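K.L.:
Listed below are the residues making up each chain.
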Amino acid sequence: MSSSETVSQPAAGVHAGHQVDVRDFHNRARAAIHNPKIRQNFRKAMDGLMAKRTAAFEGWDLEALRDLGANIRLRALANLPDLLEQLEQKLTANGIRVHWAVDGDEACQIVRDICVARGAKRVIKGKSMVSEEMELNHYLEARGIEALESDLGEYIVQLADETPSHIIMPAIHKNTAEISELMHEKTGTDLSNDVEYLTASARQQLREKFMNADVGVSGVNFAVAETGTLCLVENEGNGRMTTTVPPCHIAVTGIEKVVPRLEDVTALLALLTRSATGQHITTYFNMISGPRKEDELDGPEEVHLVLVDNGRSSIYQDDQLLDTLRCIRCGACMNHCPVYTRVGGHTYGTTYPGPIGKILMPHLIGLDEGRHLPTASSLCGACGEVCPVRIPIPDLLVRLRQESVDGDKLHPARVPGHGAKRGRAEAMIWKGWSWMHSRPGAYRFGTGLAARFHKLQPGQLGAWTRFRTAPKLAPKTLHEQLKERNR
Amino acid sequence: MSAKETILNRLRHRAGGQLTAPAVDFSVLQRPDWTTAEKLDLFEKAIESVHGEVHRVTADGWIDRLAEILQSRGARNLLISGQHDLGTRLREAGRDDLPDLLVYDEPVSSWQPTLFNEVDAAITSTRGGIAETGSLILWPTVAEPRLMSLVPPIHIAVLQASELYATFHQAMLAQNWAAGMPTNALLISGPSKTADIEQTLAYGVHGPKELIVLVIE
Amino acid sequence: MVDPIRVYPAKPSKVYFYGTCLIDLFYPDAGMAGIRLLEREGIEVIFPDDQTCCGQPAYTSGYHDEARTVAAAQLGLFPQDWPIVVPSGSCGGMMRKHYPDLFRDTPFENLAAEIAGRVWELTDFLLNVCHIKLEDLGEPTTVAMHTSCSARREMGIAEVGPALLGQLTNVTLAEQARPEECCGFGGTFAIRHPEISGAMVSEKLTTLVDAGAREFVTTDCGCLMNIAGHAEKAGTPMTGQHILSFLWKRTGGEGGKRS
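Here the protein sequences come in this chain order: A, B and C. Heads up: the first sequence begins at 26 in this note's numbering, then just goes up one per residue. Heads up: the second sequence begins at 73 in this note's numbering, then just goes up one per residue. Heads up: the third sequence begins at 254 in this note's numbering, then just goes up one per residue.
Think of the hints as simulated: they come from the structure by calculation, not from any bench. Predicted, not measured: the structure shown is a model, and the values here were computed from it. C-beta: ideal position from N, C-alpha, C; glycine also. Among the hints, erroneous ones may be present.
[What the hints assert, rightly or not] For each label pair, taking beta carbons as the anchor points, the in silico distance ranges come out as: (1) P500/A / D302/C: 15 to 21 Å; (2) K318/A / D169/B: 34 to 40 Å; (3) R68/A / T186/B: 33 to 39 Å; (4) R357/C / D113/B: 50 to 56 Å; (5) S182/B / R68/A: 50 to 56 Å; (6) E77/B / G144/A: 51 to 57 Å; (7) Q90/B / V141/A: 55 to 61 Å; (8) D463/C / K211/A: 50 to 56 Å.
[Said to hold, decoys possible] Calculated pairs, DSS-like style, for lysine-lysine (alpha carbon to alpha carbon, straight line, at most 25 Å): (9) K115/A / K318/A; (10) K486/C / K386/C; (11) K497/A / K508/A; (12) K497/A / K264/C; (13) K77/A / K281/B; (14) K508/A / K480/A; (15) K434/A / K350/C; (16) K480/A / K497/A; (17) K264/C / K501/A; (18) K267/C / K508/A; (19) K486/C / K497/A; (20) K267/C / K350/C; (21) K486/C / K267/C; (22) K115/A / K76/B; (23) K350/C / K486/C; (24) K434/A / K456/A; (25) K480/A / K486/C; (26) K234/A / K76/B; (27) K77/A / K117/B; (28) K146/A / K115/A; (29) K62/A / K77/A; (30) K508/A / K502/C; (31) K350/C / K456/A.
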């Protein structure tokens, strides 16, 4: 297609198919909180995932392993441009074609061009968050190419015409009864609470699709530069099907997923599966280093890798924000997030929900559109505590809050859309607060006055007193009590 | 400028300047020197915990056990390699207690519907196993194509106990994978599964419903 | 990347007491209890009269210029090399963990780092520097403990509160579900996202009640005003106090003795 067909957007990577207004966070949060089904589905799932993670790391020196994971990722990022070139060279030598895309639209075009060149009409997909970020399905379907998800969770979400609510478990917001009804309505399966039956039905439907697919599209968990190897982590086997059965396999990945050495994946894999689902390892760890060789009997004839930037090289510029790119997409941060647990993944309105979404999405959609994301956190630190590669998520949230109000003259803001949340009234309040709290005399006078007139304190304090009584001013401040004591 | 040049330029001319790479220390992945028996016990425990089945057999007796297993499942046929020693031995065994032996010796395109709809079980070799995670190492080859371990509902894998490694890290270094990777390499740890419906485990969602390991001691 | 292992100082003869603005205005009794506990341990407590606020509210709201101005006004309050004790994991965390970042590339960089290294959360200080031995003089009771997220994760002292309560022979510590989960305070978070914060505090209160407690103690006044305020609004019989107030009262207040 010509570039004039792409819908121009204020920030890269947001498609015309993008229906959710990220800024409507509050309304969605309210709806989710008052939806007992959502609350229950997420609470139950997150409690289970947290317990499984803890059990999976028993007997490990977890802190040393997290150090290793973090250092592997940092080493990869330190040499990122060289590693990408090495990766391309190795993959090319192995027979895999490498493409580069500055943003999601460009990546979609590359995938479409490959399909068109092959006359492909049916694409089957393995789970890929980057393809969600690109909104590839909408893009292809708008251009007459069927794109069918094959990961069971993604398949369910696609049947429901929704987006994933979790990066590892896309359909975690639904319970069995809801899924049964959905499958019944869309595919004609019987209504049943038997998960085996529902799974078997999906298997049957998807097997046909695998056989007839022209192209398989997958993501990549790690791309190894030294050997030119694309690694995929999965349990279902749909990833293997996607990358083995159709004659052409297109892998899409963010440019940050490269690691220098094959050895690196052993540690990252150990961290990834345990952090994500509490598994010691997933059923399949699939390492692809080339298309089918001439004498081989199966495997794709053509393998492509699309390296997608989509804002990552911009994140890469800043020493602190760079840590965002360490992420290996395990989802542990959302599993442990008390906010995510309450509101669920769809409330965020972004491809990546939860803590990682809050620090990543502002770069992709801009801080103007994503203005509520950094504030939707109590900064409790649970995310940073469990991150397998030690991303200091709370610190990055604070940094993005600063960026969204242009709050630091010493460190000018650089994220797209920065300053969008700076309001005159709030800025004045903080200025006044700063004035008083940097003048001890004024502070003592003001607090003393408040204490003296504590009985006149208003009982209603806006949002605070919707769920709580107002804190009661003491009749005498600590300052005053100590002054009296020392008299 | 091409997309590649644009991206690499931005990465190379980083506003924050050159980054320094930290040292990495893999010692946390080290495990004690387990004996083969210890490794086998660990392997068995790990793979059984994810619904895999382990049979300890002898080099002479594995076909007997295989026949029993396939009979107990009512398997009508068994997909075998056309070139690998395993396939050859099964064909030459001339046993009537084995089901029909199907040989994978043609490109998949010529018989895909049969493979997807008619084959009940397949048997492959392995390049070893991993004790800690209960994983099988498979490097599909011309002799043992990729789909053998993926499409039929039952996958039977033959593992030499002497080829068990403590960890993935150890296996990779011992077999010097970094020197050259095959087109496809796999770790398989149990049958295909999903928990995408309300965290309830279900097996055989896309790949095999059963993974049976014959460990030759 | 990893916090250095805390090396506790020898028990000093004097400490600076940094009271925090919430204690100053709303919970001065907790501050007095902390001071008295320290004094009972034979430590002279210096309260710099010019202290106001650590700057955290502006810092976490993104107004770093304003936070820096206020924080800078605190940096001159601790000229001697005595430890600085703070009856709050949150303010302690701000001073210990975030001051160095806040003042990086400023003339205060070295001073901020030096001060950060001297900051101790008060219960941690009582337990691990003073090696306090508490003699329980109160009636048998059951109490739940909520350790603030900053005390737990920034200061790394999750075990301190339960250890101190464990010294009180007549106090049973109620076992709660998800003790590590945030109560939903989060400073301005409670105002900016009232519904989410409300859902969090409501569940926290439920776990405390389900634990079989009618009262709870906490390391931080933010959590205290959140949980206790919610209980009061909801009419749930659950009262809360700062752990320092509780420890001081249980051990007899002024009349209490050290064993």
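K.L.:
Taking the hints in turn, state whether each one holds.
P.N.:
Against the structure, the hints come out as follows:
no.: 1; hint: P500/A / D302/C: 15 to 21 Å; verdict: holds, 19 Å
no.: 2; hint: K318/A / D169/B: 34 to 40 Å; verdict: holds, 36 Å
no.: 3; hint: R68/A / T186/B: 33 to 39 Å; verdict: violated, 47 Å
no.: 4; hint: R357/C / D113/B: 50 to 56 Å; verdict: holds, 53 Å
no.: 5; hint: S182/B / R68/A: 50 to 56 Å; verdict: holds, 52 Å
no.: 6; hint: E77/B / G144/A: 51 to 57 Å; verdict: violated, 31 Å
no.: 7; hint: Q90/B / V141/A: 55 to 61 Å; verdict: violated, 41 Å
no.: 8; hint: D463/C / K211/A: 50 to 56 Å; verdict: violated, 40 Å
no.: 9; hint: K115/A / K318/A; verdict: holds, 16 Å
no.: 10; hint: K486/C / K386/C; verdict: violated, 37 Å
no.: 11; hint: K497/A / K508/A; verdict: holds, 21 Å
no.: 12; hint: K497/A / K264/C; verdict: violated, 35 Å
no.: 13; hint: K77/A / K281/B; verdict: holds, 23 Å
no.: 14; hint: K508/A / K480/A; verdict: holds, 22 Å
no.: 15; hint: K434/A / K350/C; verdict: holds, 21 Å
no.: 16; hint: K480/A / K497/A; verdict: holds, 9 Å
no.: 17; hint: K264/C / K501/A; verdict: violated, 31 Å
no.: 18; hint: K267/C / K508/A; verdict: holds, 19 Å
no.: 19; hint: K486/C / K497/A; verdict: holds, 13 Å
no.: 20; hint: K267/C / K350/C; verdict: holds, 23 Å
no.: 21; hint: K486/C / K267/C; verdict: violated, 41 Å
no.: 22; hint: K115/A / K76/B; verdict: holds, 16 Å
no.: 23; hint: K350/C / K486/C; verdict: violated, 34 Å
no.: 24; hint: K434/A / K456/A; verdict: holds, 14 Å
no.: 25; hint: K480/A / K486/C; verdict: holds, 19 Å
no.: 26; hint: K234/A / K76/B; verdict: violated, 34 Å
no.: 27; hint: K77/A / K117/B; verdict: holds, 18 Å
no.: 28; hint: K146/A / K115/A; verdict: violated, 30 Å
no.: 29; hint: K62/A / K77/A; verdict: holds, 23 Å
no.: 30; hint: K508/A / K502/C; verdict: holds, 22 Å
no.: 31; hint: K350/C / K456/A; verdict: holds, 24 Å
Checked against the numbered hints above, the structure violates hints 3, 6, 7, 8, 10, 12, 17, 21, 23, 26, 28; every other hint is satisfied.
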